[in-house]
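Chemist: Below, each chain spelled out in residue letters.
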Amino acid sequence: MDLSRRGFLQAAVLTAAASGLTVACGDDSGSGGTKNGKNLTMWYWGGALSDKVVAEAKTHFSSKIKLTSASIGGDFKQKLTTTLAAGGSSVPDITGIKGEDIASFLPNADRFLDLNDLGFKKISSQYLEWKTKLAQTKDGKQIGFPIDIGPTALFYRADLFDKAGLPTDPAKVAAEAKTWDDYFALGSELKKALAGTFLVNNISSVFNIVVGQGTKRFIDENNHFIGDQDHIRAAWTTAIRPYTLGLDAKINDNTWNAAIGKNLTTELGAAWHALDIESAAPGTKGKWRVCATPGGPANQGGSYLALPKQCRNPEEAFKIISWILSPDNNAKSFTDAAIFPASPASYAMDAMTGPDAFFGGQKIIEVFGPAAEAIPVSYEAPADSAVMAPFMAELSSIEAKGKKPDDAWKDAVSQAKQIARRQGVS
Amino acid sequence: MLSYWRQYLAISPFYLIFIAFSFFPVFYSLYLAFQRYDGLGTKQFVGLQQFEFLWNDPVFWLSIRNTLVIWVLSTVPTLFGALVLATLLHSVRRFKGFYRIALYVPNVTSIVAVAIFFGAVFSNNFGLVNAILGTVGISPVPWLSNPWLIKLVIGLLMTWMWTGYNMIIYLAGLQAIPQSVYEAAKMDGAGPVRTFFQITIPIMRPIILFTVIVSTINGLQSFSEPQVLFASNAANANLGGPGQAGLTTLLYFYQSSFLDNDYGYGAAIVWAFFVLIIVLVVINWRIVQRGSKS
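Heads up: the sequence lines are chains A and B, in that order.
Taking the numbering used here as reference, the numbering of the first sequence is continuous, increasing by one, and the terminal residue is 426.
Taking the numbering used here as reference, the numbering of the second sequence is continuous, increasing by one, and the terminal residue is 720.
Bear in mind the hints are in silico, worked out from the structure with no lab data behind them.
These numbers come from a predicted model, not from an experiment.
Keep in mind that a hint or two might mislead.
[Claimed, not checked] Here's a subset of chain B near chain A, in silico, CB distances under 7 Å, partners left out:
no. : residue
1   : Gly465
2   : Gly467
3   : Ser549
4   : Asn550
5   : Phe552
6   : Ser571
7   : Pro573
8   : Gln670
9   : Asp686
10  : Tyr691
Don't be surprised by glycine CBs; every beta carbon is placed ideally from N, CA and C.
Just need the whole structure built from these sequences, with the hints factored in.
Modeler: Here it is in structure tokens:
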């Protein structure tokens, strides 16, 4: 084979490009650079922050800092983990961390800056204590600045309640559904009056909320597995009740959107769930109401902003995030993108106290506000969500295959124990 | 050897990229299989512990069973359907090009789009299939919650995607068979069915074996189909569908590594799976050997 000069040059250019690529990937420097950079990058995912507030932040700080934000799609945690592990200049200066992922980042808190050093300690009283604490290491290092929370409530169809001869006023419904047993009794009445309707979409969601209402989860602070103890067993028993009573719609696939406006009379979920209902069943506008969760509030979701160790200008970056997440801007984010603030001061602001047309003009902050402040503090171990997964899977087995609840419990516990051992929990 | 350096230089980009993005990761994952690693912290050597966990992990064995069942449920109808379609297409005289493209299109459709579409069509409560069954008085079938039907739907999805691909390969094979063989069979009085089983299939044998091996590799790698059909989110941490009936081995690997941050265990899963694939390849190879001797 004869190689022409042009062919050789092309090959040489390609080789150089390829080797450049490999070298770039192996590059691990850049973390020790100067700490007063002018160009800062921020990573978050669609809906994590209000795009309007972020745009305002860009102009507000434009004299000192050029802030570039990127909305990262796909598996956010995965992308952040690999970028942090690779290091280098591609690590964002500011990043979002999802609420369900924060615990798994805590063992590697040294990858992030301690926000307390930058002044979070002074303003932390403006934010909910339990939420702040979930992003804190045992020795008090704060890696996450709370963005939002997901206080739960009971959403219900007032029109169907009325048809069944039940009270429709939120305060009265809350009183009638004070405990889980009351709530299931209410569901049985509803079912009798309105054939073909269901109280809950699936029992995993009930389990999830009941666990969140407690102060203990699956692993305790001494890194012991406690998922086989009474508090989890009780949550399990509660979750099984609607299944045995025939109040469970057993929706485990993505047909929830189709079911929501039709045969579900109530829905348990966090504040952000209101948007899901509204977009899935716009035809039911005005028919829904919200009241307190049976058995007390729990939290679902809600995220943080963090500053990776490589941050090129920690002081300015902290100023930016505390500006974006100030109570004023949090209230704006709520009106703009339904992001429920972690700062109680926002709850009294005009942006949040208005009546909601979808809920028949109810002022829903009157339900979510008190719920937000009453959420119990519980320790969430890094392996918590991994250990919880088999319980959810077994609950869906009961619904899908008619597996006996006792067998499902045994299997869930033994699998959870194994996952816990794998993750170094004793 | 050295005098050819320009040629080696010319082909080097592929090898450099291959080493960086395929060769190195493969062996790094082998190294990871003996460590406990959460993706960011320090790695801790644990010896064979991950494999010991794997051996005692019922979910791992469940995922293997699921994968094999889904593989059979997709490969058998795919290859059979492809052969029938190819034979039909081979005898068609008009619009050949149109049929070829029409049957190949599913293979180039985005797998995510296809999975979302199948999810809507087979939806338990409000799906198209159940709606049609309803009009003739059949009560709704729980396509996406019954453990067997879940596998059937995934198998059907893969059949739909891969039949056209295999058909093209068979068609190429059919066109290479000389017409005189068929004419001779016709003279001897063989009907179309007999011709198909005694002339077409034996001559196509090497091509069929090729598609069997390619389908084995594709079928065992099923991941996106259940991943999209049974997506998990903050409110529903369920992966692999109700009762984990759609949890394939690669999906379990993904869950362990990237959702549970257990990279060492994830690596152990894929290496154990690699051993299983080797076993299946050896079985395949044995069958090929026996075929060539007889």
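Chemist: Run every hint past the structure and note whether it holds.
Modeler: Do the hints match the structure? See the list:
{"no.": "1", "hint": "Gly465", "in the structure": "holds (5 Å)"}
{"no.": "2", "hint": "Gly467", "in the structure": "holds (5 Å)"}
{"no.": "3", "hint": "Ser549", "in the structure": "holds (5 Å)"}
{"no.": "4", "hint": "Asn550", "in the structure": "holds (6 Å)"}
{"no.": "5", "hint": "Phe552", "in the structure": "holds (4 Å)"}
{"no.": "6", "hint": "Ser571", "in the structure": "holds (4 Å)"}
{"no.": "7", "hint": "Pro573", "in the structure": "holds (6 Å)"}
{"no.": "8", "hint": "Gln670", "in the structure": "holds (5 Å)"}
{"no.": "9", "hint": "Asp686", "in the structure": "holds (4 Å)"}
{"no.": "10", "hint": "Tyr691", "in the structure": "holds (6 Å)"}
In terms of the numbered hints stated before, the structure departs from none.
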